[in-house]
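> Sequence:
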Amino acid sequence: MGLLDRVLDASIYYSFDASGFRRHARGFVPGELDLDLAERCYLVTGANSGLGFATAEALVDRGATVHLACRNPERGAAAVEHLSGRRGTPRLSLLDVSDLAAVEAFGASWSAPLDGLIHNAGVLPSARELVDGSERTLATHVLGPWLLTHLLRPALEACPRRARVIWVSSGGMYTARLSLDDVDWEARDYDGVRAYAQTKRMQVVLAELFAERWGAEGPAVHAMHPGWADTPGVRDALPSFHARLGGRLRSSAEGADTIVWLAIADRAARSTGALWFDREPRSPYLLPGKRADAATRAALWELCEARAGAPLRAS
253 MGLLDRVLDA
263 SIYYSFDASG
273 FRRHARGFVP
283 GELDLDLAER
293 CYLVTGANSG
303 LGFATAEALV
313 DRGATVHLAC
323 RNPERGAAAV
333 EHLSGRRGTP
343 RLSLLDVSDL
353 AAVEAFGASW
363 SAPLDGLIHN
373 AGVLPSAREL
383 VDGSERTLAT
393 HVLGPWLLTH
403 LLRPALEACP
413 RRARVIWVSS
423 GGMYTARLSL
433 DDVDWEARDY
443 DGVRAYAQTK
453 RMQVVLAELF
463 AERWGAEGPA
473 VHAMHPGWAD
483 TPGVRDALPS
493 FHARLGGRLR
503 SSAEGADTIV
513 WLAIADRAAR
523 STGALWFDRE
533 PRSPYLLPGK
543 RADAATRAAL
553 WELCEARAGA
563 PLRAS
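This note's numbering puts the first residue of the sequence shown at 253, with every later residue one more than the last.
Treat each hint with caution, since some may be false.
Cut-off 25 Å, straight-line C-alpha distance, at most; resulting in silico cross-link-like pairs (SDA-like, lysine to any residue) [stated by the list, open to error]:
(1) Lys-542 x Asp-351
(2) Lys-542 x Asp-286
(3) Lys-542 x Asp-348
(4) Lys-542 x Asp-384
(5) Lys-542 x Leu-432
Have a look at the derived ranges for each label pair, beta carbon to beta carbon [to be verified]:
(6) Phe-493 x Leu-538: 44 to 52 Å
(7) Ala-360 x Glu-326: 20 to 28 Å
(8) Ala-505 x Ser-378: 47 to 55 Å
(9) Gly-499 x Pro-365: 25 to 33 Å
(10) Asp-518 x Glu-409: 12 to 20 Å
(11) Asp-433 x Arg-465: 20 to 28 Å
For the record, the hints were derived by calculation from the structure and aren't laboratory data.
Note that beta-carbon positions come from the ideal geometry of N, C-alpha and C, so glycine has one too.
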């Protein structure tokens, strides 16, 4: 990487935006995504729009069977209909990942080998909401995916290739340190953007922790962030941010590129536990003060076990 590229990347603005994607794409290995996925099966949560839909579309277009896990049946059905008639097979799976009982039932019903589990479902509430006693972004981004990953591990291990688990984080997580203080926002005025950033930081740490526990022989577990992409979620939840950046935002397909690459490229199966951006591993920390200590990392896992681990203890 030349000096100019390093300067532009350090600016963040010219790295996370569409110009950053075009610049980084010049270094992509040609043909890495030119694969026939006819024998592969993927599950993508939050797949009815935005990055999730773009990911599902790319996988279906390459011949894969893709289960679009959506909480809204009408939007999910519309997404599946839009993808019908292509090389692969889109299938609708109704699932609200914030609902642990629904996640447990879904995991119990799954039987097919799974090449990839893509944790993309996301929320950014404007007001504090609880789901079974946990704040909604925590339930959606952390607790539900943590449980689903455990429940689908046998399906991932049944894959004839090295399966992958991909946590779709956000560049916003760089602003947050890993903190378990008041995770349900009981003692503070609710700030949806901060709650989002904190739980996205938790996702990056969970990817590292799963990778450590599963080891080099288990499914590969990675986190990624898409940069700044023009998605319905960004338009609805962050209208001023969307208006300010305007045409500089990446397309959904550009934002999803690294998700697809992690899901199918051979090179992505050779390591585990990294954070990726534009097909390259990146540091999870821009500032030393954001780095998580071992005790807090362990406490995050314990929090997930305490709140979402009951189905695992019962089995």
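> So, for every hint listed, does it hold in this structure?
Here is how each hint holds up against the structure:
Note on Lys-542 and Asp-351: the hinted pairing is violated, with a Cα-Cα distance of about 30 Å set against a maximum of 25 Å. Annotation: proposed proximity of Lys-542 to Asp-286 is violated, straight-line Cα distance about 38 Å (limit 25 Å). Between Lys-542 and Asp-348 the alpha-carbon distance is near 31 Å, which puts this suggested pair outside the 25 Å criterion. For the suggested pair Lys-542 and Asp-384, the alpha carbons sit about 30 Å apart, so the restraint of at most 25 Å is broken.
Distance hint between Lys-542 and Leu-432 is fulfilled; the C-alpha atoms sit about 14 Å from each other, no more than 25 Å. In this structure the hint that Phe-493 and Leu-538 lie 44 to 52 Å apart at CB is violated, the actual value being about 19 Å. A beta carbon spacing of about 26 Å between Ala-360 and Glu-326 agrees with the range 20 to 28 Å that was offered as a hint. Taking the beta carbon of each, Ala-505 and Ser-378 are about 28 Å apart, not inside 47 to 55 Å as hinted.
Distance hint check: the CB atoms of Gly-499 and Pro-365 are about 42 Å apart, inconsistent with the given range 25 to 33 Å. Taken as a hint, the range 12 to 20 Å holds for the pair Asp-518 and Glu-409, whose Cβ atoms sit roughly 19 Å apart. Here the CB-CB span from Asp-433 to Arg-465 is close to 25 Å, well matched to the stated 20 to 28 Å.
Of the hints listed earlier, those the structure fails to meet are numbers 1, 2, 3, 4, 6, 8, 9, in rising order.
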